[in-house]
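Protein chains in written order, with this note's numbering: chain A, 1 to 305; chain B, 1 to 305; chain C, 1 to 213; chain D, 1 to 213.
Keep in mind the hints are simulated off the structure, nothing from the lab.
Every residue gets a Cβ at the ideal spot worked out from N, C-alpha and C, and that includes glycine.
A couple of the hints might just be wrong.
[What the hints assert, rightly or not] Far from chain C, by Cβ distances over 12 Å, these chain B residues were calculated: (1) 4; (2) 217; (3) 271.
[What the hints assert, rightly or not] Each computed DSS-like pair below joins lysine-lysine, with the alpha-carbon atoms no more than 27 Å apart: (4) C:35 <-> D:35; (5) D:141 <-> D:35; (6) D:91 <-> D:21; (7) C:196 <-> B:210; (8) C:21 <-> B:210; (9) B:278 <-> B:288; (10) C:200 <-> B:210; (11) D:21 <-> B:278; (12) C:141 <-> C:176; (13) C:141 <-> C:21; (14) C:176 <-> A:278; (15) B:288 <-> D:35; (16) D:91 <-> A:278; (17) D:91 <-> A:210; (18) A:210 <-> D:196; (19) C:91 <-> B:278; (20) C:176 <-> C:145; (21) A:12 <-> A:210; (22) A:210 <-> D:21.
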Amino acid sequence: MTDRGLQVRLGKLKLKNPVLTASGTAGYGEELAEFFDLSKLGAMVMKGISLQPWQGNPAPRITETPCGMINSIGLQNVGLDVFLREKLPFVRQWDVPVIANILGTDANEYIRLAAELDEAGVEAIELNVSCPNIKKGGISFGRDINSFSRLVAAVRRKVKNAALIVKLTPDAPVDVFARAAGESGADAVSLINTIPALAIDINTRRPLIKNVIGGLSGPAVKPIAVRMVYQASRAVKIPVIGMGGISCGADAIEFMLAGATAVAVGSAIFRDPMAPLKVIEEIGAYMKGRGIKSVSGITGAMAGR
Amino acid sequence: MTDRGLQVRLGKLKLKNPVLTASGTAGYGEELAEFFDLSKLGAMVMKGISLQPWQGNPAPRITETPCGMINSIGLQNVGLDVFLREKLPFVRQWDVPVIANILGTDANEYIRLAAELDEAGVEAIELNVSCPNIKKGGISFGRDINSFSRLVAAVRRKVKNAALIVKLTPDAPVDVFARAAGESGADAVSLINTIPALAIDINTRRPLIKNVIGGLSGPAVKPIAVRMVYQASRAVKIPVIGMGGISCGADAIEFMLAGATAVAVGSAIFRDPMAPLKVIEEIGAYMKGRGIKSVSGITGAMAGR
Amino acid sequence: MFGLNSRKDPFLKRPFCYFRKKRNTIDILYRVVGKVTTLMTGLRAGDTAEVMGPLGNCYPVEGVEGRKPIVLAGGVGIASVYPLLGALVGKAHLFYGGRTARDLLLTGELESLSSGLTLATEDGSAGFRGTAVDAVRAHLKGRDKRDFILYACGPNGMLKAASALGVDGYIASEEKMACGIGVCLGCAVRTPAGYKRACKDGPVFPIGEVLFD
Amino acid sequence: MFGLNSRKDPFLKRPFCYFRKKRNTIDILYRVVGKVTTLMTGLRAGDTAEVMGPLGNCYPVEGVEGRKPIVLAGGVGIASVYPLLGALVGKAHLFYGGRTARDLLLTGELESLSSGLTLATEDGSAGFRGTAVDAVRAHLKGRDKRDFILYACGPNGMLKAASALGVDGYIASEEKMACGIGVCLGCAVRTPAGYKRACKDGPVFPIGEVLFD
Ligand SMILES: Cc1cc2nc3c(=O)[nH]c(=O)nc-3n(C[C@H](O)[C@H](O)[C@H](O)COP(=O)(O)OP(=O)(O)OC[C@H]3O[C@@H](n4cnc5c(N)ncnc54)[C@H](O)[C@@H]3O)c2cc1C
Ligand SMILES: Cc1cc2nc3c(=O)[nH]c(=O)nc-3n(C[C@H](O)[C@H](O)[C@H](O)COP(=O)(O)OP(=O)(O)OC[C@H]3O[C@@H](n4cnc5c(N)ncnc54)[C@H](O)[C@@H]3O)c2cc1C
Ligand SMILES: Cc1cc2nc3c(=O)[nH]c(=O)nc-3n(C[C@H](O)[C@H](O)[C@H](O)COP(=O)(O)O)c2cc1C
Ligand SMILES: Cc1cc2nc3c(=O)[nH]c(=O)nc-3n(C[C@H](O)[C@H](O)[C@H](O)COP(=O)(O)O)c2cc1C
Ligand code: FES
Ligand code: FES
């Protein structure tokens, strides 16, 4: 479906469909472009970037768990300069809105990142205050409501054109933080980031992730994520971007019924690089089968029991 | 293995092995007694009980999710009187320590329940301040550190003989609450209770649980539970009882390596009523295969990377 | 309860009726609706699965006395009433409903097991147009309801309608189940005496004992 | 990357080498170690699975020049070097190690594909007693290491030891993978230039480029 029925809005940002890639699961688009036409996506959310390049964490960084996986990449990324010089121009070859996911170790870094990316013309900036895999900054903002609100407001003042999305951690009450994000000027909130988790190899007795604790994602977390999207969306008027375990259209629709305006496909891309397109198609088929004219009619349409 | 190598201690309470049933997944022992000899269990943790009988929530109360399930039973239970008159005498036919799991709507109810059960001679009392499925009391203690500490201390004063276990909610920082439980006089903490979750039927648009939000359990939550047990056990000196997704010996050992002194088998009983015995046997086989003489040697023995 | 060894997903077993029981085998008649039933179609000789049962109670047939048994089955509820038709030694009138003619199975065999067979389809593609309960209602019109005893198995909506027919008898609940042995309290059926467990206290309950919303 | 359709558990695909490639088929040689490989043994003709590939780079064979190729394989690493032996047109000396004789597969065929075959087992049940790296070290003793080029595939410990032999060449990383296409950054291999991706930048890296702990 390329029709207008799939269009959604995130604040001032119009998307041709509600399906995004989740940050960190689609790189900067270079690899996925070998699999499909990136302009089919609602938006391309880029791997998290920081001011300086980051090395990331030592291996092993990933391990599989029941219906899911734990990762501790540690935000390995090329840094803002290379992003602006190489990565952004690459993805600009496609007609797809670009959402930059940013992470700083202090408020100033967030502000500088946001200001420069706004200037560079990205369509939206996603504030990652919820990465469980780095030590400083990041998630500390996501867990403390005062520094969280101050950060969002400070970034808001610098961002003139891009839409501002705040990505919430599942490790704090999402209704409270979603509301604070809205009041501090965010155009949307996105959730969930990965959930802190641990798996141990009983033969070696070692943690299966070198950094011991990593973040859980995949179908296993979906029921938790859907609940959080439901709670967040009832707490705010701004749109909610739902993610956590989406691998098919039915999963995406579940998030939308719970209150999501748009959704992101994350770890499912690892199983199947075409997963985001499959989700778009299956949403279209669901709408067609039920005579739903506009996808926004699904948002928050869970019936009472 | 009936040998002494499997013995563990929870405060003053000695268990012949570290494997318990999780509250609410084994009833009051009546049904499981048709499947195996209850005296093989480390302890029998009873379905949560309240002062008065509770009706519980309307159906549907359960739904399956990827590698797990959501439930919202709503603490349907026979109430303290019937428990003391019928259920406790029944399970007393077996040589197995009885742990009563209690839930009140206010502090007084907890105190009365604990005092009467202590008097009735149960070996341990598990304070359930973490049930996501009832409206009043319960989890509100589990999320507010001050009322939590006051409650634990108040119950502690009333409980003379039984060991006091506090069951933590995964919906609040477990290290903080575990520490507070220890400081307020608990003999052990147990975790995790189910994680609030939501699943929606995209065809009917209705939540798959009548009460909308229920609690997630099963293998899906294991990596989260193991992480929380790791964090809690590092925060306290008292023993930790680990649970969440255990269905085999390897799962149990993973929790013990993370810091659990004992473990509980929950939803896995629904798949296989013999699951607790299987877990005991497989722990024994693991120890034998590695020449581990005492199961307590596994507790907290995760290696650094 | 039927489940698949060695898988963590699907996590729970599923409830099924013993459709036919022979010396060393059990037949299950099932409709493919979801995860487990789809996997069942892929099973081949030599594969292993876990079956726990029989569990729960049966339709009581002693209470029939002078009354004429009416058996009402919706969809795959037919699996549950099939052995009942045998126990009622061909005396029952079977009302068997489905959405379309394609949903109705084994109609030949069922006819031989009952004193009368009325099919009902919502689209009218076979037999009576409407629900099987409508067909029973039509059948009862002008007759004394006390002369009949009803046995019903099917979806909740059908059981509710069947309970309202004014005929004495039994219904078999199809509430979702997690454990099947009475420990989870997941399969709650509302009765005047509080919630009962479909798996352990049922699945068969006297009409009137189950309260519907 | 090999995965099983329609399952959410196991969640991820697994990396395997193309052991043999024919016109319409690919052979995978695999060792049963866990979830996916166990499920693979249950696959039957007509079942579907998802395969994505080929992915990543190959062993470069142009650099051989006048040097004598030594191929070092540990365990199931043999699957990876099997096509390499073909590419080296029988000129390589293969050192193939496992825990016991039972771990060593296809030794007859491998002998015909190489100029020399040295087996090594930790328990001495076949060939050299010790690791395959020990066997290579013994082989090199007193010879000029610059006359050789090494290709190694096996567990991390072996690759580390192989890298320390002082012989030029290549190693193939067996780092765990989630996506296999370069988007997850899960398969990090430490190099002097920062972490690289085993799946996209590798799995074959020049000896010395991969830093071990
Ligand atoms: C006592 C009892 C006896 C039964 N006997 C039979 C039988 O003999 N033959 C047979 O085919 N079926 C029978 N059923 C129904 C059968 O249990 C379900 O069809 C089965 O659980 C579906 O499993 P699944 O994994 O394929 O579907 P799932 O993937 O679990 O679900 C697929 C769809 O079916 C719905 N669904 C799942 N379980 C039920 C349920 N119990 N009731 C209503 N809708 C459900 C779900 O909401 C979903 O929409 C019986 C049920 C009960 C309670
Ligand atoms: C580039 C590459 C090529 C490979 N080629 C082959 C091949 O041709 N044939 C073959 O048999 N195997 C090969 N492997 C290894 C293979 O991918 C693993 O054995 C497989 O992933 C195990 O999957 P599983 O689900 O059966 O095991 P799991 O259930 O995932 O794990 C079982 C046990 O194996 C360990 N394990 C899992 N994956 C790996 C891994 N990648 N490295 C080391 N230990 C692991 C786990 O820690 C666990 O202890 C290759 C690996 C890589 C990276
Ligand atoms: C390997 C990996 C890397 C990730 N990197 C980032 C990141 O850089 N920034 C971010 O905000 N979220 C990151 N995430 C979180 C995802 O964007 C997403 O919130 C989470 O994985 C839940 O969705 P899923 O279950 O569909 O994967 C990452 C997740 C994974 C699995
Ligand atoms: C159906 C059901 C009922 C439960 N009832 C109780 C209860 O009464 N009291 C309590 O403390 N925990 C209760 N729990 C939580 C379990 O004891 C356990 O903490 C949780 O299910 C995680 O373990 P598992 O993944 O092994 O099931 C219940 C869980 C389930 C699934
Ligand atoms: S299914 Fe568990 S009590 Fe009935
Ligand atoms: S496996 Fe994902 S980047 Fe290599």
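The hints, checked one at a time:
no.: 1; hint: 4; verdict: holds (30 Å)
no.: 2; hint: 217; verdict: violated (9 Å)
no.: 3; hint: 271; verdict: violated (6 Å)
no.: 4; hint: C:35 <-> D:35; verdict: holds (20 Å)
no.: 5; hint: D:141 <-> D:35; verdict: violated (42 Å)
no.: 6; hint: D:91 <-> D:21; verdict: holds (21 Å)
no.: 7; hint: C:196 <-> B:210; verdict: holds (17 Å)
no.: 8; hint: C:21 <-> B:210; verdict: violated (36 Å)
no.: 9; hint: B:278 <-> B:288; verdict: holds (15 Å)
no.: 10; hint: C:200 <-> B:210; verdict: holds (21 Å)
no.: 11; hint: D:21 <-> B:278; verdict: violated (44 Å)
no.: 12; hint: C:141 <-> C:176; verdict: violated (34 Å)
no.: 13; hint: C:141 <-> C:21; verdict: violated (37 Å)
no.: 14; hint: C:176 <-> A:278; verdict: violated (31 Å)
no.: 15; hint: B:288 <-> D:35; verdict: holds (24 Å)
no.: 16; hint: D:91 <-> A:278; verdict: violated (48 Å)
no.: 17; hint: D:91 <-> A:210; verdict: violated (40 Å)
no.: 18; hint: A:210 <-> D:196; verdict: holds (17 Å)
no.: 19; hint: C:91 <-> B:278; verdict: violated (48 Å)
no.: 20; hint: C:176 <-> C:145; verdict: violated (31 Å)
no.: 21; hint: A:12 <-> A:210; verdict: violated (42 Å)
no.: 22; hint: A:210 <-> D:21; verdict: violated (36 Å)
The earlier numbered hints that this structure contradicts are 2, 3, 5, 8, 11, 12, 13, 14, 16, 17, 19, 20, 21, 22.
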